[in-house]
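Undergrad: Protein chains in written order, with the numbering used here: chain V, 1 to 65; chain R, 1001 to 1257.
None of these hints come from the bench; they were simulated from the model. In this text the structure is predicted, and so the values were computed from the model without any measurement. You may find that some hints are simply not true.
[As the list claims (entries may be wrong)] Label pairs and their computed distance ranges (CB to CB): (1) 1057/R - 8/V: 24 to 32 Å; (2) 7/V - 1104/R: 22 to 30 Å; (3) 1093/R - 25/V: 27 to 35 Å; (4) 49/V - 1123/R: 20 to 28 Å; (5) 49/V - 1024/R: 41 to 49 Å; (6) 15/V - 1190/R: 54 to 62 Å; (7) 8/V - 1177/R: 47 to 55 Å; (8) 1001/R - 23/V: 49 to 57 Å; (9) 1107/R - 53/V: 29 to 37 Å; (10) 15/V - 1005/R: 35 to 43 Å; (11) 1093/R - 10/V: 31 to 39 Å.
Glycine is no exception: its CB is placed at the ideal position from the N, C-alpha and C atoms.
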Amino acid sequence: MKISINGVAKDITSTNLAAVLHEAGYGDARVATAVNGHFVPVGQRASCPIEAGDQLEIVAPRQGG
Amino acid sequence: MTAFYGVELPTAFMLGTAQYPSPAILGAAFCESAASVATVSVRREAAGAQAGEGFWRLVRDLGVHVLPNTAGCYSPSEAITTAKMARELFETDWIKLEVIGHSDSLQPDPFGLVEAAASLCRDGFKVFPYTTEDLVLADRLLDAGCEVLMPWGAPIGTGLGLVNPYGLRSLRAQYPDVPMVIDAGLGLPSQAAQAMEMGFDALLLNTAVAKAGDPVAMAVAFAKAIEAGKLARNADPMAPCDMAAPSTPLIGKAFLQ
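Pulled out of the complex, with its shape left as it was, chain R reads as follows:
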């Protein structure tokens, strides 16, 4: 089992907590799918409101690891300050680092991402950087102190699946010992199985579950697909070939007129 900063997770399923129809459905999705990590965020709190405390109790009661994010941050300084606030609120040094560089695609800003990652790693954070399949960027993030990479499957919230399988295969092959999580862009369980079959260690998704007609059923479907993909990877799949090869033996076939 892959360890993320020394933590071996019981399942390879990381699940977001946003956009669910209700807190009860959120809780059921986690419970039924056995997702082992919950991603969370920090947002402005109004005076007198207790929304933060209520949500914190809900997350704590899930009994899973908490991974705060810096979603919506467009600069290293903004992401760093957000990470520090998240560390205090959620009592964890794990941080899903997002430094967005393009508002339409929500593509990471590679330069800002590396700058923020280096600063946070020096400050003791265990950084999970939301990145692309870019090999050079991966190298810089590892140099900055990241011990985990989280390449996107597709832009956040699109549900397009793995849009660059070649790039993801290359990244996986280039760094076989680095724990990697496919983060964002998945829409269907079959895409999750594909990612695990490619050798990724875990998946992080949110919208595909939360916006499904039945989020709990979809969470379970993803959990089964993740497990299936992992089993298949470990089972050493056959090599594909272009020529047909009969599976039924020819020897012993009756000669019939």
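Just chain V, with the same shape it has in the complex:
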């Protein structure tokens, strides 16, 4: 199914957020996630279903002012 990861369309087969992160190559990276604009804590990723058309945001620490 097609979803969006950080604004880029991706074809994935996984159906929960934790599995999607693994499938997309994030492994154990230090990232935080939001699905369709809602924050998903790390402890809830495995139980967070992902469906076609979902929009994932995957962020990490960066410089800021």
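We have chain V; now place chain R onto it with these hints.
TA: Frame of chain V, contents of chain R only:
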């Protein structure tokens, strides 16, 4: 010493981490200036990249308090989600709340700012709201649960200094017990000293240091100015007056032809 949500900082200098020529210069600027808070952000991470982990290690090794921001957010919902992601990544409930309302001036959206602040405070965040010198907005932010205010000196990145000294003096006078940080718009150490002389508790800046020809030297200059301004404030400055008054005694002056 002023406490920010119960934390007494060793210095009144909060410094951003963006736009430095190199990570080494960033680290040196913090080390040499003894800045006690580092502001940071969250941004999209590419699969397989380790940029976030590398930057996190750099910040952690600075040994300072971390203040994540919601820079670039234009709506309360966007800022709230960003704050929650930042809390998980940086392991802190401090958040520098930015809800921008005007893209040219980067002026805060006062309505969105209050809405987001109230939600985040209810959720346990310790909110540092990026605000203006507006007294009513300050009142609403305090009602929303904020225990710190961060009025701008000037629009972000301009280096214009304190463009509305009257407004800032009024804000300081209206809420003498609220910890306040001048955030954004400073360009020179003399402006930092001026802000501290006005009674503000700390300063947050980034561009003026990072974009200086010698960021480390400029960070040190700001640190000294902040300390000088704080010392001057505590020393109870004289009241200015319009008439001249000789400092050298007239009594005993020789009468000469």
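Undergrad: Each hint: holds or not?
TA: Going down the list of hints, with the structure as the test:
1. 1057/R - 8/V: 24 to 32 Å: Roughly 27 Å apart at Cβ, these two residues keep to the hinted range, so it holds.
2. 7/V - 1104/R: 22 to 30 Å: holds (25 Å)
3. 1093/R - 25/V: 27 to 35 Å: For residue 25/V against residue 1093/R, whose Cβ atoms are near 31 Å apart, the range 27 to 35 Å holds.
4. 49/V - 1123/R: 20 to 28 Å: holds (24 Å)
5. 49/V - 1024/R: 41 to 49 Å: Distance hint for residue 49/V, residue 1024/R holds at roughly 44 Å.
6. 15/V - 1190/R: 54 to 62 Å: holds (60 Å)
7. 8/V - 1177/R: 47 to 55 Å: holds (49 Å)
8. 1001/R - 23/V: 49 to 57 Å: holds (50 Å)
9. 1107/R - 53/V: 29 to 37 Å: The hinted range 29 to 37 Å holds for residue 1107/R and residue 53/V, with Cβ atoms some 35 Å apart.
10. 15/V - 1005/R: 35 to 43 Å: holds (41 Å)
11. 1093/R - 10/V: 31 to 39 Å: Once the Cβ atoms are compared, 33 Å apart, the range 31 to 39 Å for residue 10/V and residue 1093/R holds.
The structure agrees with every numbered hint stated previously.
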